[in-house]
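With the hints as your guide, set chain A onto chain W.
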Amino acid sequence: MEADLDLNCREASRLLSLAFERALTEPERTALRRHLDECLMCVNFEAQLRFLRAAASRYREG
Amino acid sequence: MAAMSDMPVSDPRYAEIESHRPYLVRYATAQLRDAQAAEEAVQEALLAALEGLASFQGQSTLRTWLTSILRYKIADHQRRAVQERARFEDAGESDEAWLDELFDETGHWRDPPQAWANPEAAFEQRRFWEVFERCLGRLPGAGGRVFFKREVLGEETAEICRTESITPSNCWVILHRARIALRGCLEMHWFAGEARRGS
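Just so you know, the sequences run in chain order W and A. Under the working numbering, the first residue of the first sequence carries the number 65, and numbering increases by one thereafter. Under the working numbering, the first residue of the second sequence carries the number 143, and numbering increases by one thereafter.
Looking at chain W on its own, in the form it has when it is part of the complex:
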């Protein structure tokens, strides 16, 4: 079970994107949090996804 909790960046990035589309399950959230605690690259990626969303909505407003 322990191994299942360890996400790699590929899986973590998928969950980060998925979180924009649906609520993550409790295990997904826990696993993601654990990964982000250790991985600065995915923390950067998460911030950039938020930036993309903010940029797209600014773009809509013109």
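Rather than coming from a laboratory, the hints here were simulated on the basis of the structure. There may be inaccurate statements among the hints.
One side only, chain A facing chain W, incomplete, derived with CB under 10 angstroms [to be verified]:
1. LEU244
2. PRO255
3. PRO261
4. ALA264
5. PHE270
6. PHE290
7. PRO310
8. ILE322
9. PHE333
Capping the alpha-carbon separation at 16 angstroms, the derived lysine to aspartate or glutamate pairs in EDC-like fashion look like this [unchecked claim]:
10. A:LYS291 x A:GLU275
11. A:LYS291 x A:GLU306
12. A:LYS291 x W:GLU85
13. A:LYS291 x W:GLU125
14. A:LYS291 x A:GLU301
Since the structure is predicted, the reported quantities are computational estimates derived from the model, not experimental observations. Yeah, the Cβ is synthetic: ideal placement off N, Cα and C, and Gly gets one too.
Chain A only, in chain W's frame:
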């Protein structure tokens, strides 16, 4: 494609052809079940008819002749819709392949995302929006359209899946892929270059 107004309106048969438009739109709508595609197919058929008027011998009624042209145009639209659908399905199935370019065998980033310093400052720069627009435009067909609907127009994912006739998981893959592509494009064309030079 030439506009109808460029056509020889002096030809009395122009008005006659035009008079069949409502019938043709109903015919195309019944076949395609998509009002916009039906309008397009009819427009294409009428333009083709005007160009080919000389070859119309009058053995059949004008309406029958127009309908036969329309049938070809409808078939074109149906073929395009099928191809489009196939591309969507590919997007789901080739999930692994495009991710392999981004992540190594152990699932680590091949080209790790670097922190973008104060990215919101870019919002104030006109050059940034030109880059953003160009990067949006470069997203591949389905990805570009789905991302635009989701993030720019702010539509709900469920609604997008329904109108695009794709499964939610397919939709998620398409969006994930579009986000990764857009992120990479902005990093390459803005954050790794212009933003740094500008600050």
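For each hint, the structure was consulted:
1. LEU244: holds (8 angstroms)
2. PRO255: This hint holds: PRO255 of chain A lies near chain W, its Cβ roughly 4 angstroms from the closest one there, short of 10 angstroms.
3. PRO261: holds (5 angstroms)
4. ALA264: Since chain W brings a Cβ to about 8 angstroms from ALA264 of chain A, closer than 10 angstroms, the hint holds.
5. PHE270: holds (9 angstroms)
6. PHE290: This interface hint holds because 8 angstroms falls under the 10 angstroms limit.
7. PRO310: With Cβ-Cβ at 8 angstroms, under 10 angstroms, it holds.
8. ILE322: holds (7 angstroms)
9. PHE333: PHE333 of chain A check passes; min Cβ-Cβ to chain W is 9 angstroms, inside 10 angstroms.
10. A:LYS291 x A:GLU275: holds (15 angstroms)
11. A:LYS291 x A:GLU306: Distance ~11 angstroms between LYS291 of chain A and GLU306 of chain A Cα, so the pair holds.
12. A:LYS291 x W:GLU85: holds (13 angstroms)
13. A:LYS291 x W:GLU125: holds (14 angstroms)
14. A:LYS291 x A:GLU301: With Cα atoms ~10 angstroms apart, LYS291 of chain A and GLU301 of chain A stay inside 16 angstroms; holds.
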